Amino acid sequence: NAGVTQTPKFQVLKTGQSMTLQCAQDMNHEYMSWYRQDPGMGLRLIHYSVGAGITDQGEVPNGYNVSRSTTEDFPLRLLSAAPSQTSVYFCASRGVRYEQYFGPGTRLTVT
Amino acid sequence: AQSVTQLGSHVSVSEGALVLLRCNYSSSVPPYLFWYVQYPNQGLQLLLKYTTGATLVKGINGFEAEFKKSETSFHLTKPSAHMSDAAEYFCAVNPSGGGADGLTFGKGTHLIIQP
Numbered sequence: 006n007a008g009v010t011q012t013p014k015f016q017v018l019k020t021g022q023s024m025t026l027q028c029a030q031d032m033n034h035e036y037m038s039w040y041r042q043d044p045g046m047g048l049r050l051i052h053y054s055v056g057a058g059i060t061d062q063g064e065v066p067n068g069y070n071v072s073r074s075t076t077e078d079f080p081l082r083l084l085s086a087a088p089s090q091t092s093v094y095f096c097a098s099r100g101v102r103y104e105q106y107f108g109p110g111t112r113l114t115v116t
Numbered sequence: 215a216q217s218v219t220q221l222g223s224h225v226s227v228s229e230g231a232l233v234l235l236r237c238n239y240s241s242s243v244p245p246y247l248f249w250y251v252q253y254p255n256q257g258l259q260l261l262l263k264y265t266t267g268a269t270l271v272k273g274i275n276g277f278e279a280e281f282k283k284s285e286t287s288f289h290l291t292k293p294s295a296h297m298s299d300a301a302e303y304f305c306a307v308n309p310s311g312g313g314a315d316g317l318t319f320g321k322g323t324h325l326i327i328q329p
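So the protein sequences, as listed, match chains A and B. Using our numbering, the letters of the first sequence correspond one by one to residues 6 to 116. Using our numbering, the letters of the second sequence correspond one by one to residues 215 to 329.
Hints were generated in silico from the structure; no laboratory data involved. A quick note: this is a predicted structure, and the numbers were derived from the prediction, not measured. Where a beta carbon is used, it is the ideal one built from N, C-alpha and C, also for glycine. Hints may contain errors.
Restraint-style ranges between C-beta atoms, simulated for each label pair [to be verified]:
#1 B:His296 to A:Gly8: 21 to 31 Å
#2 B:Leu221 to A:Gly56: 30 to 40 Å
#3 A:Glu64 to B:Leu221: 43 to 53 Å
#4 A:Tyr103 to B:Glu280: 37 to 47 Å
#5 A:Thr12 to B:Pro254: 14 to 24 Å
#6 A:Thr10 to B:Thr266: 45 to 55 Å
#7 A:Gly58 to B:Gly230: 48 to 58 Å
#8 B:Thr286 to A:Asp31: 29 to 39 Å
#9 A:Asn33 to B:Gly230: 22 to 32 Å
#10 A:Pro80 to B:Glu280: 38 to 48 Å
#11 A:Thr91 to B:Pro254: 17 to 27 Å
#12 B:Asn255 to A:Asn67: 24 to 34 Å
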């Protein structure tokens, strides 16, 4: 199993540009989520999904959209990038024993 | 609102010494508790978890943690530090047990191992 994969690993955007961060898992997990990690802040939940077609907001959802058309994929869209969205983004999926498996992360810089 | 407090943003211990990383949480219901480790430029790896049952849980790499409800704590320990333990450690809580509201993380503790 590849586990949780994320692409791209690095991305630089200009203010106002849009992009999609890809996340996929091959463990057939229903629950998936997106976090952002900022220095000294730990990880904060952006959006999560409990299954295909069902998504909900986390702690810091503004400026981000998600959709879940399949069990495997959970993309995160930045609609109009802002410097405040410079961060490291982690996708995670949750197993039946409640442990979360994290992807390797996408390091995003918005100039 | 739920919260997780990790005491000490940086902890330094000598190789071979006891490692103690502190975590306190607030939750109105019995929580599920986790410790994760993050090595530089990598994702998070689960060290151990507490959901129900035995309050002393053992994890990977010789780490263990004890859930103390009366103290609302879940401190992480390892009897003898190794150089390879140098990393960032995060305590996290799912405050509604197995609920769908994700994990709340502490701000992390950077563990430094002195030779």
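Within 48 to 58 Å or not, the Cβ separation of A:Gly58 and B:Gly230?
-> Since A:Gly58 and B:Gly230 have Cβ atoms about 53 Å apart, the given range 48 to 58 Å holds.
Could you see if the CB distance from B:Leu221 to A:Gly56 stays within 30 to 40 Å?
-> holds (37 Å)
CB-CB spacing for B:Leu221 and A:Glu64 relative to the 43 to 53 Å hint | With a Cβ separation near 22 Å, A:Glu64 and B:Leu221 fall outside 43 to 53 Å, so the hint is violated.
That 45 to 55 Å hint for A:Thr10 and B:Thr266 (C-beta), does it hold up?
-> Violated, since A:Thr10 and B:Thr266 (Cβ atoms, about 31 Å apart) do not stay within the stated range.
Note whether the CB distance of B:His296 and A:Gly8 lies within 21 to 31 Å or breaks it.
-> Hint holds: Cβ distance 25 Å, inside 21 to 31 Å.
Is the gap between the beta carbons of A:Pro80 and B:Glu280 within 38 to 48 Å?
-> holds (39 Å)
CB-CB spacing for A:Asp31 and B:Thr286 relative to the 29 to 39 Å hint = holds (37 Å)
Does 22 to 32 Å hold as the CB distance between A:Asn33 and B:Gly230, or does it fail?
-> violated (43 Å)
Is the hinted range of 37 to 47 Å satisfied by the C-beta distance from A:Tyr103 to B:Glu280?
-> violated (19 Å)
Check the following: the C-beta atoms of A:Thr12 and B:Pro254 are separated by a distance inside 14 to 24 Å.
-> For A:Thr12 and B:Pro254 the Cβ distance comes to about 20 Å; the hint holds.
Is the hinted range of 24 to 34 Å satisfied by the C-beta distance from B:Asn255 to A:Asn67?
-> holds (27 Å)
Status of the given 17 to 27 Å range, CB of B:Pro254 versus CB of A:Thr91 = At 19 Å between Cβs, range holds.
Checked against the numbered hints listed earlier, the structure breaks hints 3, 4, 6, 9; every other hint is satisfied.
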